[in-house]
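All chains, please: the whole structure from these sequences, using the hints.
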Amino acid sequence: MAVIKPREAHASMSPVSTHTSAVVEVRELRKSFKHVDAVRGISFDVHRGTTTALLGGNGAGKTTTLSMLLGVLTPTAGSIRILGENMLRHPYRVLPRINFTSPYVDLPKRLTVGENLRVYARLYGVARPQARIDELAAELDLSDLVPRPYGDLSAGQRTRVSLAKALLNSPEVLLLDEPTASLDPDVGDRMRTLLEQYQKRSGCTMLLASHNMGEVERMCNEVIMLRAGLVVDQGSPLALLERYGRQNMDDVFLDIARDRVSPDHGASANGHGQGIVS
Amino acid sequence: MIERHAYLLLKSWPRMASMAYYPTVTMIMWAFVTVYLRPTSNFLADAPGLFIGAVLLWDILFRGQLGVSLYSRNLGNLFVSPLRAWEMIVGQLVMSIIRTLIGVGAACFFAWLLFRFSIFSLGFPLIAFFVNLIICGWAIGLAVSGMVLRWGLGAEELAWAAIFLLAPVSGVYYPIAVLPGWLQTIAHMVPTSYVFEGMRFVLLDHQFRADLFWWALAINVLYMFAGVNLYLLAIGYARRHGMLMQMGE
Chain A
1 MAVIKPREAH
11 ASMSPVSTHT
21 SAVVEVRELR
31 KSFKHVDAVR
41 GISFDVHRGT
51 TTALLGGNGA
61 GKTTTLSMLL
71 GVLTPTAGSI
81 RILGENMLRH
91 PYRVLPRINF
101 TSPYVDLPKR
111 LTVGENLRVY
121 ARLYGVARPQ
131 ARIDELAAEL
141 DLSDLVPRPY
151 GDLSAGQRTR
161 VSLAKALLNS
171 PEVLLLDEPT
181 ASLDPDVGDR
191 MRTLLEQYQK
201 RSGCTMLLAS
211 HNMGEVERMC
221 NEVIMLRAGL
231 VVDQGSPLAL
241 LERYGRQNMD
251 DVFLDIARDR
261 VSPDHGASAN
271 GHGQGIVS
Chain B
279 MIERHAYLLL
289 KSWPRMASMA
299 YYPTVTMIMW
309 AFVTVYLRPT
319 SNFLADAPGL
329 FIGAVLLWDI
339 LFRGQLGVSL
349 YSRNLGNLFV
359 SPLRAWEMIV
369 GQLVMSIIRT
379 LIGVGAACFF
389 AWLLFRFSIF
399 SLGFPLIAFF
409 VNLIICGWAI
419 GLAVSGMVLR
429 WGLGAEELAW
439 AAIFLLAPVS
449 GVYYPIAVLP
459 GWLQTIAHMV
469 PTSYVFEGMR
479 FVLLDHQFRA
489 DLFWWALAIN
499 VLYMFAGVNL
509 YLLAIGYARR
519 HGMLMQMGE
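Just so you know, the sequences run in chain order A and B. Numbers 1 to 278, taken from this note's numbering, label the letters of the first sequence in order. Numbers 279 to 527, taken from this note's numbering, label the letters of the second sequence in order.
For the record, the hints were derived by calculation from the structure and aren't laboratory data. No incorrect hints appear here.
Some chain B residues flagged as far from chain A (calculated, every beta-carbon gap over 12 Å):
no.: 1; residue: L371
no.: 2; residue: I376
no.: 3; residue: A384
no.: 4; residue: W390
no.: 5; residue: S396
no.: 6; residue: G401
no.: 7; residue: P446
no.: 8; residue: L457
no.: 9; residue: H466
no.: 10; residue: D483
no.: 11; residue: H484
no.: 12; residue: Q485
no.: 13; residue: D489
Using C-beta positions, here's what the derived DEER-type ranges look like:
no.: 14; chain 1: B; residue 1: G401; chain 2: A; residue 2: R89; range: 46 to 56 Å
no.: 15; chain 1: A; residue 1: G151; chain 2: B; residue 2: W390; range: 31 to 41 Å
no.: 16; chain 1: A; residue 1: R30; chain 2: B; residue 2: I280; range: 30 to 40 Å
no.: 17; chain 1: B; residue 1: L288; chain 2: A; residue 2: D141; range: 27 to 37 Å
no.: 18; chain 1: A; residue 1: V36; chain 2: B; residue 2: L495; range: 45 to 55 Å
no.: 19; chain 1: A; residue 1: S154; chain 2: B; residue 2: I375; range: 31 to 41 Å
no.: 20; chain 1: B; residue 1: E365; chain 2: A; residue 2: D141; range: 27 to 37 Å
We put the CB at the ideal spot given by N, CA and C, even for glycine.
Okay, here's the thing in C-alpha cells:
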C-alpha cells in the first residue's frame, strides 16, 4: 500500500486543552441506549482550521458522537461547545454556522439538484442563494446536474451534491461522515481535493469519521481513535505511525481496533503513549 | 419547508391526481345515493346537498390530516439544519391547506359540474366549518406525525386509519341523536360532531348555530394543543433515541 505523507499535528494540539483555538470542545460525553453504552465519557478538542479524524471500527461510537455534535442525538451526559456556544443549550446559535454531509443521509430524490440546493440555501439563510448555488455548481462541477432529479444521479454525483449542500452556508465547522464511502478512487480523490481547497480558502474546521486510512493520512492533522465508546488513543497521523512503529494508518488502525500486540514492538495499543485518554 | 413540500407535490401529477381522485369519486357515489333516495326522503327533498356537502366537508378533515402528516423519509438533513420545530410545523400546516384545497377543490368543482351542488351554497358558515375541520385534521395529523417519528414509518398506516376512528362519532351522514347514549357522550368530545350538526342546521333549517361553532373551536384548541405537544414530545424522544438520522429514504 502506498504510504501518503501524513499531515503534521496542529502546533497547539493536546488530547484535551483549554486553548482558545478549540472550536469544538467535547467533555465527558456519554450516550447510553437501553442495552448499550455507545459513548462512554469521551473528551476532545478540535482546533480552528484543522481536520480531525474520528476513527474506530463499526460500533466504536463515531456516528453517535457526530450525531450528538449535530444536535440530532441528545447525550446522556457531558458537554459540547462549538464555536464558543453551548451546543446542547443553544443549538440554533450553532447550526447556521456548521454543516454536515454523509452518503447515508439522502436528499429528497424527486427534487432536482437545483431545487434541493435552493431549499437548503433558504433553510441556512444564505443571503444570495442563487449566486451561491451557481458558485458551488461551478466549483464542484455540478452545472449539468442542476436540472436533474437527485434520485437519477450516480453515487459519486450524489456525493458531490451533498457536499454542495454542506458548503451552501460557508460553514465554519464541517462534520463529515465517511464522505468518500462507495466512491471510486478518482471521484474520492476529487472530493478530498475539493474539501482541502475549501478549507484552505475558508479556514474551516473539519471533523471527519472515516474508514479510509489513506484519506486520514492525507487530510487529517489529528486522529482520535475510538473503541467501544472510548477514546483509546489520539495524536497526529505521523505521531501515531511512529508510536506504533507502522508504515501506514491501516496497520495502526488494526493495532488499536484489535488492541493487539505489535509484532515489531511487543506492546499493545494501550501500552503505548496515552492509552485510554478520555 | 413550504418550498420543499411544494416542489415534491407539484412535480408529481400522479400525486396531484390521486389527491383529487378519492374525494371526487366519493362525492359522486354519495351524489347518486342522493339521487336514488331523494324521491322517498323528505329531508333529502328539502336539502339535496346533504350527503354531498357532508362528503366534501369530511374530505376537508381527511385531506387536512393527511396534508400535515409526515411521510418524508429524508429528515436527517432537515434536522441538522437550523430549522426549528415550530417552523417545520408551520410548513406542514400551510402545505396541508394547499393539499386540501387541491383535493377538495376538484371534488367541489365536479359536484357543481355534475350535480349542480355548490359547496358555496353553505354561505358564510362554510368558512367556520372549514376552519374547525382543518384544525381538527391538523391536530390528528401532528399526533400521527409524532407516532411516525416515534415508531418509524411502520406507523404510516395509522395516518390513514386514525381519522376513520372519528367518523362514526362525527355524525357525518346522520345526526348524533341516532347514536347510543354512551357514544353520544364520546361524540360530544369530538369537534367534528359539532361541525356536521351545524352543517345539517344550515342545510335543513337555514340557520347557523354559533354555539356549535364555538364548542367545536374550543375543543379544537385542546386537540391542537395536544397534537403539537405530542409531536414535540416525539421529536424529543427521537432525539434521545437516535431515530432522527435513521429515516433515510
